[in-house]
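> Each chain, letter by letter, is given below.
Number of protein chains: 2
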Amino acid sequence: MTHMKARIIISLKDSVLDPQGQAIANALKHLKFHNIQSVRQGKIFEITFKEKDSKKAYQQLDNMCKRLLVNLVIEDYHIALLP
Amino acid sequence: MTHMKARIIISLKDSVLDPQGQAIANALKHLKFHNIQSVRQGKIFEITFKEKDSKKAYQQLDNMCKRLLVNLVIEDYHIALLP
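Going down the list, the protein sequences come from chains A and B. Take the first sequence: its letters are residues 1 to 83, numbered as in this note's numbering. Take the second sequence: its letters are residues 1 to 83, numbered as in this note's numbering.
Simulated from the structure, these hints should not be mistaken for lab results.
Dumping the calculated DSS-like pairs for lysine-lysine here, alpha-carbon to alpha-carbon at most 30 Å:
#1 LYS29(A) <-> LYS56(B)
#2 LYS29(B) <-> LYS13(A)
#3 LYS13(A) <-> LYS55(A)
#4 LYS29(A) <-> LYS66(B)
#5 LYS55(B) <-> LYS43(A)
#6 LYS32(A) <-> LYS50(B)
#7 LYS66(A) <-> LYS43(B)
#8 LYS5(A) <-> LYS5(B)
#9 LYS55(B) <-> LYS32(A)
#10 LYS29(B) <-> LYS13(B)
#11 LYS50(B) <-> LYS29(A)
#12 LYS43(A) <-> LYS29(B)
#13 LYS66(B) <-> LYS32(A)
#14 LYS55(A) <-> LYS29(B)
#15 LYS66(B) <-> LYS5(A)
#16 LYS29(B) <-> LYS50(A)
#17 LYS32(A) <-> LYS43(B)
#18 LYS32(B) <-> LYS13(A)
Input sequences plus hints: build the corresponding full structure.
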């Protein structure tokens with residue numbers, strides 16, 4: 001069995017307000033970064049697991065997202081298998 | 001002035017314990033994902049800002065990381081300018 005590494009990026013949907021991101025944008029403006037337009041924050045998970053078939057791996061990661069990691073009502077996710 | 005978008009990925013250094021990641025790994029194992037080896041969690045910021053020179057943009061983002069966004073004692077960061 002080969003080890004695989006994947007990166008899952010979870011971000012708020014564009015239609016969902018992101019008060020933490022706005023707070024960070026304001027904090028950056030106070031530090032004289034005046035050209036900031038917007039900041040959106042998200043989560044990232046780096047998962048290492050045993051699997052040799054990349055298609056199965058992808059399906060499994062998709063399942064993990066849907067069953068535990070992502071709140072599908074307000075969040076989008078993107079899965080990338082790392083080489 | 002052109003708008004630029006950048007993605008900053010912030011992750012715990014390898015030498016730093018990640019209890020939240022371990023909790024997620026355990027939760028996934030309870031959901032019958034037995035082939036999980038490890039989970040490490042991190043943060044991601046998507047920043048939109050006004051700047052046309054990509055070198056200056058990179059320097060500015062690096063400054064933001066060092067001055068506000070990243071705790072350099074325990075975290076690593078990676079900056080990517082999005083097309």
